[in-house]
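Participant: Once you have looked at the hints, place chain B on chain A.
Number of protein chains: 2
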Amino acid sequence: MGGDLGPAVTVPAIARALLLYPSLSVRAFICGDISAHLAAAGLQQHPRLTLIQAQCTVGMDERPSSALRTKRDSSMGEAVKDVAEGRSQACISAGNTGALMALSRHFLKTLPGIDRPAIVSAMPAVNGKRVYMLDLGANVACDSETLYQFAVMGSAMAHTVEGIDRPRVALLNIGEEEVKGNDQVRHAANLLQDAPSIHYVGYLEGHDIFTNKADVIVCDGFVGNVTLKTCEGIAQFFLAQLRESFGNSLWGRVLGWLVRPFIKAVYARVNPDQYNGASLVGLRGIVVKSHGNAGIDAFFNALEQALHSAERKLPDGIESAIGTVLLDKH
Amino acid sequence: MGGDLGPAVTVPAIARALLLYPSLSVRAFICGDISAHLAAAGLQQHPRLTLIQAQCTVGMDERPSSALRTKRDSSMGEAVKDVAEGRSQACISAGNTGALMALSRHFLKTLPGIDRPAIVSAMPAVNGKRVYMLDLGANVACDSETLYQFAVMGSAMAHTVEGIDRPRVALLNIGEEEVKGNDQVRHAANLLQDAPSIHYVGYLEGHDIFTNKADVIVCDGFVGNVTLKTCEGIAQFFLAQLRESFGNSLWGRVLGWLVRPFIKAVYARVNPDQYNGASLVGLRGIVVKSHGNAGIDAFFNALEQALHSAERKLPDGIESAIGTVLLDKH
Numbered sequence: 001m002g003g004d005l006g007p008a009v010t011v012p013a014i015a016r017a018l019l020l021y022p023s024l025s026v027r028a029f030i031c032g033d034i035s036a037h038l039a040a041a042g043l044q045q046h047p048r049l050t051l052i053q054a055q056c057t058v059g060m061d062e063r064p065s066s067a068l069r070t071k072r073d074s075s076m077g078e079a080v081k082d083v084a085e086g087r088s089q090a091c092i093s094a095g096n097t098g099a100l101m102a103l104s105r106h107f108l109k110t111l112p113g114i115d116r117p118a119i120v121s122a123m124p125a126v127n128g129k130r131v132y133m134l135d136l137g138a139n140v141a142c143d144s145e146t147l148y149q150f151a152v153m154g155s156a157m158a159h160t161v162e163g164i165d166r167p168r169v170a171l172l173n174i175g176e177e178e179v180k181g182n183d184q185v186r187h188a189a190n191l192l193q194d195a196p197s198i199h200y201v202g203y204l205e206g207h208d209i210f211t212n213k214a215d216v217i218v219c220d221g222f223v224g225n226v227t228l229k230t231c232e233g234i235a236q237f238f239l240a241q242l243r244e245s246f247g248n249s250l251w252g253r254v255l256g257w258l259v260r261p262f263i264k265a266v267y268a269r270v271n272p273d274q275y276n277g278a279s280l281v282g283l284r285g286i287v288v289k290s291h292g293n294a295g296i297d298a299f300f301n302a303l304e305q306a307l308h309s310a311e312r313k314l315p316d317g318i319e320s321a322i323g324t325v326l327l328d329k330h
Numbered sequence: 331m332g333g334d335l336g337p338a339v340t341v342p343a344i345a346r347a348l349l350l351y352p353s354l355s356v357r358a359f360i361c362g363d364i365s366a367h368l369a370a371a372g373l374q375q376h377p378r379l380t381l382i383q384a385q386c387t388v389g390m391d392e393r394p395s396s397a398l399r400t401k402r403d404s405s406m407g408e409a410v411k412d413v414a415e416g417r418s419q420a421c422i423s424a425g426n427t428g429a430l431m432a433l434s435r436h437f438l439k440t441l442p443g444i445d446r447p448a449i450v451s452a453m454p455a456v457n458g459k460r461v462y463m464l465d466l467g468a469n470v471a472c473d474s475e476t477l478y479q480f481a482v483m484g485s486a487m488a489h490t491v492e493g494i495d496r497p498r499v500a501l502l503n504i505g506e507e508e509v510k511g512n513d514q515v516r517h518a519a520n521l522l523q524d525a526p527s528i529h530y531v532g533y534l535e536g537h538d539i540f541t542n543k544a545d546v547i548v549c550d551g552f553v554g555n556v557t558l559k560t561c562e563g564i565a566q567f568f569l570a571q572l573r574e575s576f577g578n579s580l581w582g583r584v585l586g587w588l589v590r591p592f593i594k595a596v597y598a599r600v601n602p603d604q605y606n607g608a609s610l611v612g613l614r615g616i617v618v619k620s621h622g623n624a625g626i627d628a629f630f631n632a633l634e635q636a637l638h639s640a641e642r643k644l645p646d647g648i649e650s651a652i653g654t655v656l657l658d659k660h
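Chains as they are written, first to last, in our numbering: chain A, 1 to 330; chain B, 331 to 660.
By construction, these hints were calculated from the structure, which means they are not laboratory data.
Only true hints are included.
Simulated crosslink set (DSSO-like; lysine-lysine; CA at most 30 Å straight-line):
1) A:Lys-180 x A:Lys-129
2) B:Lys-643 x B:Lys-459
3) A:Lys-213 x A:Lys-129
4) A:Lys-213 x A:Lys-313
5) A:Lys-180 x A:Lys-213
6) B:Lys-459 x B:Lys-510
7) B:Lys-594 x A:Lys-264
8) A:Lys-313 x A:Lys-81
9) B:Lys-594 x B:Lys-459
10) A:Lys-81 x B:Lys-510
11) A:Lys-213 x B:Lys-594
12) B:Lys-643 x B:Lys-439
13) B:Lys-543 x A:Lys-264
14) A:Lys-213 x A:Lys-264
15) B:Lys-411 x B:Lys-439
16) A:Lys-313 x A:Lys-129
17) B:Lys-459 x A:Lys-264
18) A:Lys-313 x A:Lys-109
19) B:Lys-510 x A:Lys-109
20) B:Lys-510 x A:Lys-180
21) B:Lys-510 x B:Lys-543
22) B:Lys-411 x B:Lys-643
23) B:Lys-594 x A:Lys-129
24) B:Lys-459 x B:Lys-543
25) B:Lys-411 x A:Lys-180
26) A:Lys-180 x B:Lys-439
27) B:Lys-543 x B:Lys-594
28) A:Lys-264 x A:Lys-129
29) B:Lys-543 x B:Lys-643
Only chain A is shown next, with the shape it has when bound in the complex (with noise of 0.2 Å):
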């Protein structure tokens, strides 16, 4: 029911990876009727979709805190409590961030080891290279060893998910210098140095995220998130002002016209906005948060995100990397 569009984002998404994916089933968690949308994506009686009914579901401005208390029977919470109780491998949602991890910590618990679960996503980089940021928005103070838990759950990340066999760790930082940066960091440093199963290769700045310097960059919450929203912002300034520059002339006009499919290519690959889909990681399940405002294809995206994750086990591979840093320090 998520997202700015609900269903009509949602429910096409659905058709399209129950087509492509023989294997999946999808266990979809309603409130009220959304026939129209089922039979315009052929879904009305699909034998691998599972609709639910919820009581409610969770608007897009609640609090966290009352989400928690009031809508734990929502169609998010139940779709959340569905992994928590072993009827799903993982769950998605394109609706209210805080909501869902206030819900996930709720329903999953986090995993041994970790105090607070993070949000992370693969940005993209040179040579068509991914890397994974976080954390994008969960937690806005970090202390270091938050940080060096997000630093070992993202280098399991990229392990499990993207195969990487040592990932390149580093912290985001305000200079490359051991001196500079705030006290959080530079603890995190010292913590990551002495982590012999973690490949950290030190600070990294805004400049060099997208540089293929390293596979996972560590940063608080509150970085990450005005990180992540400013490429967008960037972006989006960029393509604005590619417009208005073409716009000014007839030649302009008709050049701007030709080179469109190559900027939109382009585009495509650098809003991070189109790399749809971020992990809820350091949960004893799978919870993928779509954008709300994610297209159907994005949604779809969302969805090949958390089969994969599924099917690599990722909740698994985090824990076990848990267990070998913790081995490490003793």
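Facilitator: What follows is chain B alone, placed relative to chain A:
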């Protein structure tokens, strides 16, 4: 002497500024022999250029504390002292930012009511507007009172330098709702709401930095520095992707060659690096920091910015704005 290229950049930029501004006098603090650069720029015997030999220079990697202890008689230290002692109206440096801040605090002192100076720069926004963003890296952690002081200084700067009547001031945050963000940002919002002389417009997210929703955006130095450098990184990444996309076919290469001037013009606007010249505000004097890798055009921009700040008496504007908010409070 500062910056990656030193006098090879600064001397030609000074030559251009002396030519364009007949009332400008330049006092250049050098160390060693720069006569070849002066000759190349036709500046051997200029009536409005004074050369002053300093004992040493500050290295780009030197720690601020060490520069403050051992490099007060460097070209950078002497230039700042020249402002403090009233012989110059503004200082421009392309050198080590931390050292410049430390020496500026030492020689110039902060304005009454200001605890910590900030680094502020104008970022591009839609419709040819500019937005002043601070702090960009001088203070890695800021309490709410410091953020509040940044807001007052940024507002005074947009008013004094840009001539905006009641500059719209926003706090950078990870959500637009009241409940979002960390404690410092939320408390700073309360302080700003209670300051009638500040036109506070609320929270702004990363994707709205460039949409002209505010004239001043306030954040701590860690977030600001990462944001600025992320903009630089994504602009370069966008360009690299465009180049790759055009390079894939003959038609693409022809088109790419044709659109080059359009894209170059846009890149020059989008990349904050091109908007050279960051002001150190909150001091009893004008200090402008040029990017270390600035070229001649960029360093000239920094010179112009110092000149405008001096003409418009920026420190007086900030001091009077602080006086007003202090009166507001009592």
